[in-house]
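There are 4 protein chains.
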Amino acid sequence: MNLQDIVQRSDTVAGRRFDRIVLLLIIASVVPMSLSTVTSFSQMWLAVFAAAEYVIIVLFTIEYVLRIVTAERKWAYILSFYGVIDLVALLSFYVTMFWGGMLDLRAFRALRLLRLFSTFEFARYAKATVRIGRALKYARDEAAVFLFATLVLLYIAAMGIYHFESEVQPEKFDTVFHSLWWAVVTLTTVGYGDTYPITVGGRIWTFVILLLGMGIVAVPAGLIATGLSRAIEEERRAARGGEEED
Amino acid sequence: MNLQDIVQRSDTVAGRRFDRIVLLLIIASVVPMSLSTVTSFSQMWLAVFAAAEYVIIVLFTIEYVLRIVTAERKWAYILSFYGVIDLVALLSFYVTMFWGGMLDLRAFRALRLLRLFSTFEFARYAKATVRIGRALKYARDEAAVFLFATLVLLYIAAMGIYHFESEVQPEKFDTVFHSLWWAVVTLTTVGYGDTYPITVGGRIWTFVILLLGMGIVAVPAGLIATGLSRAIEEERRAARGGEEED
Amino acid sequence: MNLQDIVQRSDTVAGRRFDRIVLLLIIASVVPMSLSTVTSFSQMWLAVFAAAEYVIIVLFTIEYVLRIVTAERKWAYILSFYGVIDLVALLSFYVTMFWGGMLDLRAFRALRLLRLFSTFEFARYAKATVRIGRALKYARDEAAVFLFATLVLLYIAAMGIYHFESEVQPEKFDTVFHSLWWAVVTLTTVGYGDTYPITVGGRIWTFVILLLGMGIVAVPAGLIATGLSRAIEEERRAARGGEEED
Amino acid sequence: MNLQDIVQRSDTVAGRRFDRIVLLLIIASVVPMSLSTVTSFSQMWLAVFAAAEYVIIVLFTIEYVLRIVTAERKWAYILSFYGVIDLVALLSFYVTMFWGGMLDLRAFRALRLLRLFSTFEFARYAKATVRIGRALKYARDEAAVFLFATLVLLYIAAMGIYHFESEVQPEKFDTVFHSLWWAVVTLTTVGYGDTYPITVGGRIWTFVILLLGMGIVAVPAGLIATGLSRAIEEERRAARGGEEED
Chain A
6 MNLQDIVQRS DTVAGRRFDR IVLLLIIASV VPMSLSTVTS FSQMWLAVFA
56 AAEYVIIVLF TIEYVLRIVT AERKWAYILS FYGVIDLVAL LSFYVTMFWG
106 GMLDLRAFRA LRLLRLFSTF EFARYAKATV RIGRALKYAR DEAAVFLFAT
156 LVLLYIAAMG IYHFESEVQP EKFDTVFHSL WWAVVTLTTV GYGDTYPITV
206 GGRIWTFVIL LLGMGIVAVP AGLIATGLSR AIEEERRAAR GGEEED
Chain B
6 MNLQDIVQRS DTVAGRRFDR IVLLLIIASV VPMSLSTVTS FSQMWLAVFA
56 AAEYVIIVLF TIEYVLRIVT AERKWAYILS FYGVIDLVAL LSFYVTMFWG
106 GMLDLRAFRA LRLLRLFSTF EFARYAKATV RIGRALKYAR DEAAVFLFAT
156 LVLLYIAAMG IYHFESEVQP EKFDTVFHSL WWAVVTLTTV GYGDTYPITV
206 GGRIWTFVIL LLGMGIVAVP AGLIATGLSR AIEEERRAAR GGEEED
Chain C
6 MNLQDIVQRS DTVAGRRFDR IVLLLIIASV VPMSLSTVTS FSQMWLAVFA
56 AAEYVIIVLF TIEYVLRIVT AERKWAYILS FYGVIDLVAL LSFYVTMFWG
106 GMLDLRAFRA LRLLRLFSTF EFARYAKATV RIGRALKYAR DEAAVFLFAT
156 LVLLYIAAMG IYHFESEVQP EKFDTVFHSL WWAVVTLTTV GYGDTYPITV
206 GGRIWTFVIL LLGMGIVAVP AGLIATGLSR AIEEERRAAR GGEEED
Chain D
6 MNLQDIVQRS DTVAGRRFDR IVLLLIIASV VPMSLSTVTS FSQMWLAVFA
56 AAEYVIIVLF TIEYVLRIVT AERKWAYILS FYGVIDLVAL LSFYVTMFWG
106 GMLDLRAFRA LRLLRLFSTF EFARYAKATV RIGRALKYAR DEAAVFLFAT
156 LVLLYIAAMG IYHFESEVQP EKFDTVFHSL WWAVVTLTTV GYGDTYPITV
206 GGRIWTFVIL LLGMGIVAVP AGLIATGLSR AIEEERRAAR GGEEED
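Protein chains in written order, with the working numbering: chain A, 6 to 251; chain B, 6 to 251; chain C, 6 to 251; chain D, 6 to 251.
Read the hints as simulated data drawn from the structure, not as lab findings. Computed from a predicted structure; not experimentally measured. Mixed in with the good hints there might be a few duds.
Computed beta-carbon distance windows for the label pairs [claimed, not checked]:
(1) A/R145 / C/T204: 56 to 62 Å
(2) A/R145 / D/L217: 33 to 39 Å
(3) A/R21 / D/K132: 56 to 62 Å
(4) B/V173 / C/F46: 47 to 53 Å
(5) D/A55 / A/I203: 25 to 31 Å
(6) B/R145 / D/I32: 41 to 47 Å
(7) D/V157 / C/R241: 27 to 33 Å
(8) D/V157 / C/V63: 19 to 25 Å
(9) C/M49 / B/W50: 50 to 56 Å
(10) B/T44 / C/V35: 28 to 34 Å
(11) B/L71 / A/S85: 57 to 63 Å
(12) A/V213 / B/R145: 37 to 43 Å
For each residue, glycine too, the CB sits at the ideal point set by N, CA and C.
Model the full assembly from the supplied sequences, consistent with the hints where possible.
Below, the structure written as structure tokens:
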């Protein structure tokens with residue numbers, strides 16, 4: 006049995022074992038990643054977590070190299086969805102290690118968790134992931150337009166509230182950039198309550214923006230849901246059609 | 006008339022009376038359960054509520070045993086939707102009674118309220134419940150993927166905000182676990198306002214996470230709605246088709 | 006021309022004029038209703054607003070009596086959508102006038118605004134209203150089940166948070182009824198920030214409840230939207246079918 | 006080559022170059038518009054930003070005049086979607102320049118950003134925009150009814166909460182207009198936390214209004230999403246039908 010059968014295939018005993026080890030490694034990697042933020046641990050424990058992170062990253066690096074080496078079409082793997090996730094997760098570690106003072110990208114290591122769907126244990130979810138990808142593609146342009154409209158609306162909302170509130174609450178609506186924070190928190194309906202309008206004009210503006218905004222911000226999620234529902238339906242119909250033809 | 010006709014059937018007079026008594030008992034059980042939390046009641050009243058709870062639980066236990074005894078396929082009942090609800094509601098009481106100091110599961114007794122749909126008075130809602138179950142099954146894998154993606158996104162959001170805010174607000178973003186609370190409150194758009202980012206980096210991170218998150222967190226509800234709408238449509242078409250064929 | 010032609014029909018000159026007067030009266034009635042809450046007005050002005058409200062209610066009472074008198078099927082009108090709205094709006098005034106100390110129902114006078122859709126100026130919206138009614142009927146049972154599930158979930162959420170938080174924050178989670186307020190504010194994702202969990206257990210409970218809740222609370226709106234979309238589609242297909250047959 | 010080919014067409018070299026210059030100008034115009042709100046800049050820089058705004062507005066005015074002059078059907082352009090956006094963006098500047106003390110409409114200049122979709126670089130998004138427009142038209146009447154119902158609900162919510170809270174919190178629920186602010190913040194589920202009910206009656210009222218409101222406020226976004234999904238589907242079917250006929 007050669008290396009390729011172990012790394013690339015999941016229908017051999019060794020291949021499944023390799024998949025399962027990677028799966029466990031991904032799940033295990035969450036532990037030191039999380040615990041290293043708990044600074045109340047003693048120095049010794051923090052050193053253990055850091056060491057564990059180094060071991061894990063070495064193993065992931067070996068796995069990544071193995072995947073490229075054994076791949077028949079190397080660029081196809083590197084540019085695939087899971088290839089990109091692997092690369093981003095690895096780079097986020099190495100960049101942080103070398104330029105951590107400037108740029109801390111550790112958060113993106115967690116992207117690797119999405120790899121769980123690629124292992125054979127989750128084959129049925131892998132199918133669902135493919136359907137989701139197709140649904141996203143389906144309404145991609147419309148979602149992009151709504152996303153851009155959201156950005157423009159955020160900017161208009163921020164410009165408007167700056168005009169109404171900057172004189173009354175200069176510490177909160179200092180510039181249009183400060184006002185953008187209010188716009189994000191309001192249009193997503195999070196509403197922390199750290200910044201809110203107190204003038205009559207600002208409140209009417211908030212009302213107008215929210216009426217417009219709720220019909221824009223929530224649409225992409227709705228598009229994904231209906232697109233996905235349609236993709237499932239088509240697949241089912243195709244499956245039924247195929248059965249009837251047999 | 007034997008016991009089986011009373012407990013299992015709802016098309017006999019005694020069966021309907023049994024159903025109606027259980028229905029009233031379920032509704033009545035809410036009263037002592039709720040009032041026992043009002044500690045401003047006198048000790049005597051609290052004792053009355055506790056006693057009422059014991060009486061009710063004895064009645065429910067008898068009913069549960071009766072249902073198993075009279076069922077033709079006992080395991081089928083125990084593992085059915087309402088069988089599991091009954092068991093959880095009973096166990097939540099007994100566990101709390103014996104190990105209440107360690108584990109208080111009383112909240113789950115309220116699950117029993119869902120049993121109302123199983124009584125014959127609500128037959129039409131029982132049908133709707135079946136359709137909902139079918140709609141949930143329909144997009145189950147996709148919903149699971151989105152749920153998992155939500156969990157990963159929450160983790161990434163928490164890791165990122167920890168990086169930006171932990172130094173400036175150490176009391177609120179102490180560890181990644183504290184930051185997870187912020188992530189939950191923000192991505193569900195609840196936004197209590199107890200924790201929110203104050204650095205520029207943390208605010209931009211919140212913006213990015215919300216743009217991604219709103220297209221992920223709201224999708225499962227949309228999937229259920231469209232799946233359900235489709236299930237209703239198919240049933241109606243089938244009904245119409247049947248009529249036309251007659 | 007008799008009274009019936011004026012009140013009941015909208016295809017005569019006098020009927021249209023009657024409709025338009027009612028329309029203006031409805032819109033005008035908002036002014037004294039709103040301004041009477043501005044207590045900073047002088048006593049004289051408040052008396053003017055009160056007087057205007059009496060005049061308006063007399064006119065609406067006359068209109069309601071006229072509608073019943075001229076209706077061919079009187080009970081059909083009284084029990085129709087707009088008949089009930091008229092009655093509720095009138096009763097809310099009279100009840101408040103006589104038992105205002107005990108029961109203030111003035112808010113419901115505003116329901117009359119929905120009557121605008123019944124006037125001939127808004128005929129196309131009347132059609133849309135009919136479609137909405139059909140869409141609501143379409144998924145009525147499912148929506149009722151989700152509404153009931155929401156109520157049960159609110160109760161379970163309140164019972165759970167009471168268990169976790171009542172000892173630490175007794176002033177906010179005093180009884181299960183106080184906790185219900187938290188449950189409502191949280192599950193609707195309003196999140197005022199007046200009550201929120203501070204224990205680890207309470208926060209995990211909030212997370213679990215929100216994950217479940219977001220897939221339940223938002224579904225009815227989605228059901229209405231998809232049902233409505235389907236109703237529009239069917240109508241359009243029927244219209245096209247009719248054209249093709251001509 | 007005449008002026009018309011440059012301004013109106015995008016299939017000539019000069020036309021594309023013209024389009025691209027306008028595109029860059031639109032993006033560039035955001036910079037001085039945003040930075041002019043950062044009052045911590047020195048007077049000199051603020052003067053530079055103001056000057057840049059004047060230059061940009063002169064260029065946009067020239068472009069607008071050119072578009073009208075070279076248009077074959079001048080009114081058709083002026084009343085088109087992008088013609089109206091251009092006019093509003095220009096007028097918002099000139100109105101602010103001359104009556105800025107009274108009326109500051111600068112926020113609406115940002116509407117011009119929507120023009121990006123009209124340039125040939127974004128042809129595919131232009132198509133998506135057309136589909137969105139069709140989807141909006143599709144459920145226009147229903148969305149209008151829901152919007153109006155939202156307004157009536159906001160008013161009823163405000164009248165009700167005024168009744169419950171105005172005596173206890175006179176500074177926050179002073180008049181029905183103050184209460185409307187609470188209604189807007191609550192029904193959109195933003196929930197800043199600056200105003201919230203504290204009486205039992207006010208809280209039950211909030212619960213009732215939210216149960217009704219969540220089934221109304223979120224529907225328009227759902228209508229747009231399902232309508233859009235349907236529009237995409239029809240277009241795809243038409244495309245497939247065309248292919249089959251070939």
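Comparing the hints with the structure gives:
Between A/R145 and C/T204 the beta carbon distance is about 43 Å. The supplied range of 56 to 62 Å is therefore violated. At about 35 Å, the beta-carbon gap between A/R145 and D/L217 stays in the expected band of 33 to 39 Å. Taken as a hint, the range 56 to 62 Å is violated for the pair A/R21 and D/K132, whose Cβ atoms sit roughly 46 Å apart. B/V173 and C/F46 have their C-beta atoms about 48 Å apart, which keeps the hinted 47 to 53 Å range intact.
Take D/A55 and A/I203: their Cβ atoms lie about 28 Å apart, and the range 25 to 31 Å holds. Range check, B/R145 to D/I32: about 45 Å between beta-carbon atoms, so the 41 to 47 Å window is met. Distance hint check for D/V157 and C/R241: the Cβ-Cβ separation is about 28 Å, which falls inside the suggested range of 27 to 33 Å. A C-beta distance of roughly 23 Å is found between D/V157 and C/V63, which places it inside the suggested range of 19 to 25 Å.
Distance hint for C/M49 and B/W50: a CB-CB separation of about 53 Å, consistent with the stated range 50 to 56 Å. The hint said 28 to 34 Å for the Cβ distance between B/T44 and C/V35, and at roughly 46 Å that hint is violated. Between B/L71 and A/S85 the beta carbon distance is about 58 Å. The supplied range of 57 to 63 Å therefore holds. In this structure, A/V213 and B/R145 meet the distance hint of 37 to 43 Å, their C-beta atoms being roughly 40 Å apart.
Hint compliance for this structure: hints 1, 3 and 10 are broken, all remaining hints hold.
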